[in-house]
Amino acid sequence: MTVSQKVVLRFPSEVADKPVVCELALQFGLKFNILQASISAHREGVMVLEMLGDKSQQEKALSFLRDKGLEIESLSQDIRKVEERCIHCGACVGVCPTQALYLEKPSFLVKYEESKCIACELCISSCFTGAMEALI
Amino acid sequence: MSKLLRTYEEINQKIKEGKAVVVTAEEVIDLVESKGVEKAAQEVDVVTTGTFGVMCSSGAFLNIGHTKPRMKINEAYLNGVLAYAGLAAVDLFVGATQVAKDDPLNKVHPGEFKYGGGHVIQDLVAGKDVLLEAFAYGTDCYPRKKLTTWINLRDLNQAYLFNPRNAYQNYNVAVNLSDRTIYTYMGMLLPNLDSAGFSSAGQLSPLLNDPLYRVIGVGTKIFLGGGTGYIAWEGTQHTPTVERTSRGVPKAGAGTLAVIGDLKGMSADWLWGVSVRGYGCSLAVGLGVPIPILDEETMYYCSVKDEDILAPIVDYSSAYPNGTGEILGYVDYRTLREGSILVQDKKVPTSSMSSYRRAREVATLLKEWICKGEFLLTEPVLKLPGIESGLQFRNLPERPVNNNFLTGGR
Ligand code: SF4
Ligand code: SF4
Chain A
2 MTVSQKVVLR FPSEVADKPV VCELALQFGL KFNILQASIS AHREGVMVLE
52 MLGDKSQQEK ALSFLRDKGL EIESLSQDIR KVEERCIHCG ACVGVCPTQA
102 LYLEKPSFLV KYEESKCIAC ELCISSCFTG AMEALI
Chain B
42 MSKLLRTYEE INQKIKEGKA VVVTAEEVID LVESKGVEKA AQEVDVVTTG
92 TFGVMCSSGA FLNIGHTKPR MKINEAYLNG VLAYAGLAAV DLFVGATQVA
142 KDDPLNKVHP GEFKYGGGHV IQDLVAGKDV LLEAFAYGTD CYPRKKLTTW
192 INLRDLNQAY LFNPRNAYQN YNVAVNLSDR TIYTYMGMLL PNLDSAGFSS
242 AGQLSPLLND PLYRVIGVGT KIFLGGGTGY IAWEGTQHTP TVERTSRGVP
292 KAGAGTLAVI GDLKGMSADW LWGVSVRGYG CSLAVGLGVP IPILDEETMY
342 YCSVKDEDIL APIVDYSSAY PNGTGEILGY VDYRTLREGS ILVQDKKVPT
392 SSMSSYRRAR EVATLLKEWI CKGEFLLTEP VLKLPGIESG LQFRNLPERP
442 VNNNFLTGGR
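In the order they appear, the protein sequences are chains A and B. When we follow our numbering, the leftmost residue of the first sequence carries the number 2, and every step to the right adds one. When we follow our numbering, the leftmost residue of the second sequence carries the number 42, and every step to the right adds one.
Note that these hints are calculated values from the structure, not bench results. One should not assume that every hint holds.
[Stated by the list, open to error] Lysine to aspartate or glutamate pairs mimicking EDC-like chemistry, simulated, CA-CA at most 16 Å apart:
#1 A:Lys69 - A:Glu134
#2 A:Lys106 - B:Glu379
#3 A:Lys61 - A:Asp18
#4 A:Lys106 - B:Glu402
#5 A:Lys32 - A:Asp55
#6 B:Lys155 - A:Glu134
#7 B:Lys55 - B:Glu84
#8 A:Lys112 - A:Glu134
#9 B:Lys44 - B:Asp336
[Said to hold, decoys possible] Calculated Cβ distances over 10 Å to all of chain A for the following chain B residues:
#10 Gly121
#11 Lys387
#12 Arg398
Treat the numbers as computed from the prediction; the structure is a model and nothing was measured. Note that beta-carbon positions come from the ideal geometry of N, C-alpha and C, so glycine has one too.
Please take these sequences and the hints and turn them into a complete structure.
Following this line, the structure appears as structure tokens:
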């Protein structure tokens with residue numbers, strides 16, 4: 002059965018420059034979308050990945066990645082925008098990697114499209130009023 | 042000055058009769074575009090401006106009333122936030138950036154700075170009870186030494202906002218050239234030019250519509266925090282002498298306003314306590330200034346558009362903290378609001394720190410107040426220092442101090 006799951010991969014610096022993610026396709030026959038990545042050689046990196054494919058193959062792939070030294074968190078968190086607390090400044094807009102948060106024009110209201118959110122939480126750190134919340 | 046079209050008295054007479062023609066600084070742009078400056082200046086009496094953003098250098102004076110027995114407060118906390126008490130017996134000043142005394146600050150970087158002076162001000166204005174804890178050493182005339190009570194804005198003798206520096210005329214665009222995320226008062230800035238922060242209301246911003254301070258001055262009545270206030274003085278760091286465009290628009294942070302107004306008439310919707318990750322607490326302030334169209338020149342300056350206003354791009358990982366003055370280039374506000382700018386050939390997504398939406402709401406509210414006859418204009422009693430003043434932005438000339446002089450103050 003083909004399922005989709007979103008995971009956050011944290012790469013320690015030793016493996017940041019090694020090609021591990023492509024093994025998901027080669028060894029485990031999985032498809033994947035890289036939703037966000039910030040990795041450079043010899044430094045820690047973070048990648049948000051959507052995996053598509055057989056559930057048991059996905060489990061095998063994740064244990065393969067753990068063996069390579071990656072930390073894996075599942076991306077099950079929901080991010081909520083509390084409208085009463087939003088002052089529509091836009092401080093969150095430029096840091097949101099997927100444009101889930103965007104400035105609507107001509108109203109200049111900051112809108113949130115939950116389906117685009119990858120729960121990176123950058124908006125939570127950038128919001129001045131505590132309007133973005135993670136529901137665990 | 043070009044030919045006088047109307048006086049303050051004439052405008053106020055029209056406002057009282059409900060006949061004043063008022064447009065916002067955004068609406069006036071199209072009007073001037075279609076009819077020209079001359080015709081627009083004849084038709085319009087007042088242009089309203091507005092801004093809503095985090096404005097450090099804000100605070101409030103509170104007179105809490107005397108206790109029995111009397112007390113000369115030496116040290117005071119409002120909801121755990123230190124308020125300055127060194128004024129008299131029961132006068133306090135709460136500053137927007139003062140952080141609650143038990144806050145872990147940046148010990149675990151970036152700190153969250155959950156509650157501070159800006160939040161105290163917002164809670165007071167919202168009508169919430171605020172905890173006052175005060176201490177004194179006791180004197181013959183003021184014997185009491187300790188006080189713990191709830192206070193509420195409605196019971197205070199006086200409570201007024203006094204913000205020494207608001208409404209910055211233009212500001213930097215902040216970027217981060219380093220390879221780590223930095224947390225600044227211009228927001229969180231992603232490494233390697235992955236985000237940019239900017240802050241001005243641009244074409245709606247009060248001082249950008251009167252770039253040479255021809256009509257806005259000390260004594261001008263304004264929209265402040267949802268109520269009314271006045272311009273009390275030039276703001277701190279007021280620097281009229283920065284480089285300007287051919288329209289007279291400053292190409293960097295220039296003029297500022299010190300403003301005052303009764304907290305009791307204000308609203309928690311327009312005074313918002315904020316927590317800036319890794320930086321600290323502050324207050325977001327809604328502020329709007331009406332501009333009387335006294336002559337064509339005033340109208341010309343009010344027709345300024347976002348694309349006419351240039352802001353300097355500054356690296357906040359090095360150039361800003363070290364005060365090098367280095368500028369990576371200039372960009373106009375129209376481009377900034379489109380969502381990305383080019384810096385060093387890289388497309389950088391932009392974040393606004395001040396709300397354009399709410400700046401527009403300020404200008405619109407002020408327009409409504411004037412149209413309804415609820416808000417009359419005042420003529421300034423003193424001009425703000427202009428270019429001719431030669432006023433420069435000065436850094437502190439630090440001088441060596443001999444150890445014998447040290448007082449032990451921290
Ligand atoms: S967590 Fe926030 S910043 Fe990240 S994708 Fe979702 S909305 Fe955008
Ligand atoms: S940073 Fe917070 S307050 Fe500002 S627009 Fe985003 S959610 Fe709203």
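Self-check item: Structure-inconsistent hints, enumerated in ascending order
Solution: Hint check: 1, 3 and 12 fail, others pass.
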